[in-house]
Each structure stands twice: as C-alpha cells, then as structure tokens.
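Colleague: Sequence:
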Amino acid sequence: MKFSAKPVKGTFDVLPGDMELRNWVRNVISNAYLSRGYTQIETPCIENLDLLTNSEGGENLSLLFKILKRGEKLDFQELSENSLCDLGLRFDLTLPLSRFYANNRNELPMPFKAFQTGYVWRAERPQKGRFRQFTQCDIDIIGDKTIYAEIDLMLTVPKALYDLGFKNFTIKINDRRLLKQLVLAAGFEESQFDTVCITLDKTDKIGTEGVINDLQSKGFENDKIQQLLTSLETDLGSFDSSYAQDLKKIIDTTGKYYSIIFDPTLVRGMGYYTGPIFEIVSDEFKGSIAGGGRYDNLLSKFQNESIPAVGFSIGFERIIGILKERGFTIPNQKRKIALVVLDEMFAEKAIDLSESLICQGNIVVIHYLNKKKLGKKMDVLEKDGYEIIQIVDAETTEDSFRKQ
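Position 294, counted from 1, in the sequence shown is what the numbering used here calls 600; the numbers after and before it change by one each time, with no gaps.
These aren't lab readings, by the way, just hints derived from the structure by calculation.
Glycine included, each C-beta is placed from N, C-alpha and C at the ideal position.
Check each hint, because a few of them may be wrong.
[To be verified] Once the Cα atoms are required to be at most 16 Å apart in a straight line, the calculated EDC-like pairs of lysine to aspartate or glutamate come out as:
#1 530 to 496
#2 372 to 353
#3 689 to 324
#4 372 to 356
#5 524 to 500
#6 642 to 693
#7 508 to 430
#8 689 to 326
#9 451 to 552
#10 678 to 649
#11 375 to 353
#12 682 to 693
#13 607 to 353
#14 592 to 507
#15 640 to 688
#16 372 to 430
#17 678 to 654
#18 473 to 324
[To be verified] For each label pair, taking beta carbons as the anchor points, the in silico distance ranges come out as:
#19 540 to 452: 23 to 31 Å
#20 529 to 368: 50 to 58 Å
#21 501 to 436: 19 to 27 Å
Please work from the sequences and hints to get the whole structure.
Modeller: Shown next, in the form of structure tokens:
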C-alpha cells in the first residue's frame, strides 16, 4: 500500500527557503516586542476541553479539534462527543495566556507584558490564506485597566509591521460597548448581541447583502436589520460616553505616529472582548493583517478577582503570503558559500576552510560530489543563494573567497 506524501489538507510543509523567511519575520516581530519591554512565554498546544468550550471563542468553538480520551477514561458505552473527548488543540493564544497567567501569577510582574508565537488549529474549510494549522504572534498586557495599555499595543505592533517593510496600513478601532449600544438601539435583545456580531464580523467577506441575508435567515426582522446597518454609519462624535472619549484619546495619541480611524462597523468575532477592539488593514491584502481587543473578564474564569487584559495579534501567515507575493528578499543576509569537493583527497582542506569561514560569520556547506549530475546540483545551490567554490587543489586558501 502506497501512502500519499501530501500534507493533511489545510496544513503545509515548509521548504528551507520559506523557513528562512519565517524565521526572519519571527525575529523582526520579536525584536520589536522586546524593545518595548514585552517578555516571551510559551504555552502548550493542548488545553482541557472544558476550558476551550467555555471560552466565548465565537465561531471558533465549532472549529475545535478535539482529542479522544485515553485508556480507561474512554467509555464506548456512552457515545456522546463530550464523553469521548477531554482535550483539544488550542484555537488561539489568548485563552492559553489567560490560563498561564492564572497558574503563574505569583511569579509574574503586574502589569504583565507578554508575547508568544506558536501554532493554533481550527477546522476551517481550507482556501487561499486560510489554514487549519497556522502561526499566530500575540502580544498582551495583563493588569492594566487604563487606555495606555491599548496605546502601548498600538505603538508596538505597527512598529513590527513597519520593520517588516509594511508602510501603507491603517489601524481601525471600535468599542464593543458602543457597538452594543447600536445593536440594542436597533431593537435587538441583549441576548442576541453575540449572534448579531458573528454575522457583522463577516461583512468584509459576504458584503452588506450577505449580512442582511444571514441575519434574516436567523429570524431577525428586516426593519431591525436596516436600522442597525444605518446606525453603523455613525461617527465617533455622535456618542456621548466615556467610552467614546477614551477612543478619541487613543486615536489622537496613536495618530501622531500611525494612521488610525474610528470604524463603527468593526466587530471582531471573539465573544470575550469587553471594550476597545482594533484591526490593522493593508492596501496590499484584502482583510486584516492584525487584530485584537480588550478582554477584561476572561481571567475571571480562573479566580474570583477581575483582572484587566488587552491583546493584539499579527496575522503571521498573511504577512508571509504578502512577502512571498512581493518576491521579498531577506535583507542583510550572511554570505552563503558552497565548497564543492570533486576529489576526496581535498576533503580535509575543505573542512579546514569551512571552519575558518564559519568563524568569520559566513554560512558554509561542504559537498562531497562526484561528477554525476553535477550541473543540476550546482543549479540547486545557486537557486538557494550559494556562491559555488570548487576545491580542486591543496593550494586553495581563504583569499579565494574574498569578495572583490
């Protein structure tokens, strides 16, 4: 029996050149975060299922990858899904961070500024730019209830994007509390708010007509739908509340450095958001390349005390996709030299040279080759960016590799 060599649908293999790009992007993002006092953490890929399913994760709860119980825990007498499964793969990094903080808070500062990068899993329908396994880059502040936490995030994430070469982007900001005012004023019940938001969050994908059709299919009256869509054209000055004043201050402060606008149609799909929500959109990609918001109630799942929190996440895979489409070349790469040895008698000479060159900061690979298919192998090396030097005699020295 022959097995398929292709990866599972919705996942992908990473070739060496792409891995270089991914590592470079991670390093640029990490350096931007570290420069503003954020510390790196790591959380497990697996979480308890009861935690995942009680997380207000919006539609992601229907996209969970669940893990069967093991051994004696697995009881086939009761075949319900919850009786068979007790663990699941994380669908984002925010919920694991909240659990992490609750478990380790006695060893962490307050406020706690953290970032983490890692794979998350969602049972999506695979398509361009959407995967079942993908990387997220999250940055969060726990323990700061002031708007200066939002401002700090909005100065840090755009800096990372700027360092990656993105210049034409805009931050969009809204507040879930202002959005709730509009939804309730249109005649919807408070219990219907999350359902309405899930549909509104699809606006950039299905358009206004799609939103109308989706809300109608859920049984909502057309006059309420029309009133809501009209009210979503409201400007920030029309709101008379402290929430609106806070948003104005965030916009005024952040706007000194980056483009930022109020967008009353911005929703964000996660049900755990409690205040300001935000996204970054780029002219180079349809949809957002970063997003986040305040989630002050999420940590209350672990203790009675309410702890404020706010986070921002960069769409890592989208960034990688845009850079590849650009034909982006990693700047300031180290020199790559391939020492090609056609005769084993010069192998020791090649090893001596490679060790010396590596100490100088060069990347060196030694190839012990025969002449069979030599041209094809040279083509592969050149494609990977290597300078090819053949070791043909014992007199070859480091001077052979010095650039003119």
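Colleague: Hints first: check each against the structure and report whether it holds.
Modeller: Each hint, compared with the structure:
no. : hint                   : in the structure
1   : 530 to 496             : holds, 14 Å
2   : 372 to 353             : holds, 10 Å
3   : 689 to 324             : holds, 13 Å
4   : 372 to 356             : holds, 11 Å
5   : 524 to 500             : holds, 13 Å
6   : 642 to 693             : holds, 6 Å
7   : 508 to 430             : holds, 15 Å
8   : 689 to 326             : holds, 14 Å
9   : 451 to 552             : holds, 12 Å
10  : 678 to 649             : holds, 13 Å
11  : 375 to 353             : holds, 13 Å
12  : 682 to 693             : holds, 15 Å
13  : 607 to 353             : holds, 14 Å
14  : 592 to 507             : holds, 14 Å
15  : 640 to 688             : holds, 15 Å
16  : 372 to 430             : holds, 14 Å
17  : 678 to 654             : violated, 22 Å
18  : 473 to 324             : violated, 23 Å
19  : 540 to 452: 23 to 31 Å : holds, 25 Å
20  : 529 to 368: 50 to 58 Å : violated, 29 Å
21  : 501 to 436: 19 to 27 Å : holds, 23 Å
When held up to the earlier numbered hints, the structure conflicts with 17, 18, 20 and fits the remainder.
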